[in-house]
Amino acid sequence: DTEVTQTPKHLVMGMTNKKSLKCEQHMGHRAMYWYKQKAKKPPELMFVYSYEKLSINESVPSRFSPECPNSSLLNLHLHALQPEDSALYLCASSQPRLAGGNTGELFFGEGSRLTVL
Amino acid sequence: SQQGEEDPQALSIQEGENATMNCSYKTSINNLQWYRQNSGRGLVHLILIRSNEREKHSGRLRVTLDTSKKSSSLLITASRAADTASYFCATAPWGGSTLGRLYFGRGTQLTVWP
Numbered sequence: 001d002t003e004v005t006q007t008p009k010h011l012v013m014g015m016t017n018k019k020s021l022k023c024e025q026h027m028g029h030r031a032m033y034w035y036k037q038k039a040k041k042p043p044e045l046m047f048v049y050s051y052e053k054l055s056i057n058e059s060v061p062s063r064f065s066p067e068c069p070n071s072s073l074l075n076l077h078l079h080a081l082q083p084e085d086s087a088l089y090l091c092a093s094s095q096p097r098l099a100g101g102n103t104g105e106l107f108f109g110e111g112s113r114l115t116v117l
Numbered sequence: 001s002q003q004g005e006e007d008p009q010a011l012s013i014q015e016g017e018n019a020t021m022n023c024s025y026k027t028s029i030n031n032l033q034w035y036r037q038n039s040g041r042g043l044v045h046l047i048l049i050r051s052n053e054r055e056k057h058s059g060r061l062r063v064t065l066d067t068s069k070k071s072s073s074l075l076i077t078a079s080r081a082a083d084t085a086s087y088f089c090a091t092a093p094w095g096g097s098t099l100g101r102l103y104f105g106r107g108t109q110l111t112v113w114p
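Sequence lines, in order, name chains A and B. Residues 1 to 117, numbered by the working numbering, are exactly what the first sequence covers, in order. Residues 1 to 114, numbered by the working numbering, are exactly what the second sequence covers, in order.
Note that these hints are calculated values from the structure, not bench results. Among these hints, one or two may not hold up.
Computed list of lysine to aspartate or glutamate pairs in DMTMM-like fashion (alpha-carbon distance at most 20 Å, straight line) [as the list claims (entries may be wrong)]:
hint, chain 1, residue 1, chain 2, residue 2
1, B, K26, A, E58
2, A, K40, B, D66
3, A, K41, B, D7
4, B, K26, A, E44
5, A, K40, B, E5
Derived Cβ-Cβ restraints for the label pairs, each shown as a range [unchecked claim]:
hint, chain 1, residue 1, chain 2, residue 2, range
6, B, A82, A, T5, 21 to 31 Å
7, A, H77, B, S39, 50 to 60 Å
8, B, P114, A, H77, 39 to 49 Å
We treat Cβ as the ideally placed atom computed from N, Cα and C, and that holds for glycine.
Chain A extracted, bound-state conformation (with noise of 0.2 Å):
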């Protein structure tokens, strides 16, 4: 069982659409991150924040809004979406940093699978 909540898990807007992605974890971590990934295709990084503030934005388009009200909850603000933008949104959590260095182990949710008509 994972223990990064994403809901929901399956989501079908129109292209006028405004909804919103939902992620939570209470392991403690302090960084958090959105990755997209289409089919048969590896996840790719979109943001990343680490003590609840922004700390990478990966040329992610302004219609993909992301939001990190406190240490447990991120969000995915989404409006205005293409029908190319339809993939499975995973959620991930970590420590910020291994002992002296860098990205450690991601804790992943199941995912939540956008479908934009």
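With chain A's structure known, arrange chain B on it following the hints.
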């Protein structure tokens, strides 16, 4: 692209056989990680190997790392049907500006037949 390349893209074996997957990458790394993903599900972390380590074991998993060749391999011994999944390597690059970045390779789809 900083993504790694896994080889082979697909691997089909019988239960009890060993499965070996390879990963090559382009940049200097702090560590390399392997993840598993069942179809349409989230990723599960398997093992992390740091750049100053050459080999690591976890249960039926054995990971090697050759930083001079920028490559890693994942060996699953005595495979089971339940090992059927996609396996991804992921690299954590060096450098302050890259902290928090983890780049995934294209993955190997492993099918284990009973």
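Status of the hints after comparison with the structure:
1. K26/B - E58/A: Since the Cα atoms of K26/B and E58/A sit roughly 19 Å apart, the hinted pair holds (cutoff 20 Å).
2. K40/A - D66/B: 27 Å, violated
3. K41/A - D7/B: 14 Å, holds
4. K26/B - E44/A: 17 Å, holds
5. K40/A - E5/B: 14 Å, holds
6. A82/B - T5/A: 21 to 31 Å: 24 Å, holds
7. H77/A - S39/B: 50 to 60 Å: 28 Å, violated
8. P114/B - H77/A: 39 to 49 Å: 45 Å, holds
Hint violations for this structure: numbers 2, 7, all remaining hints satisfied.
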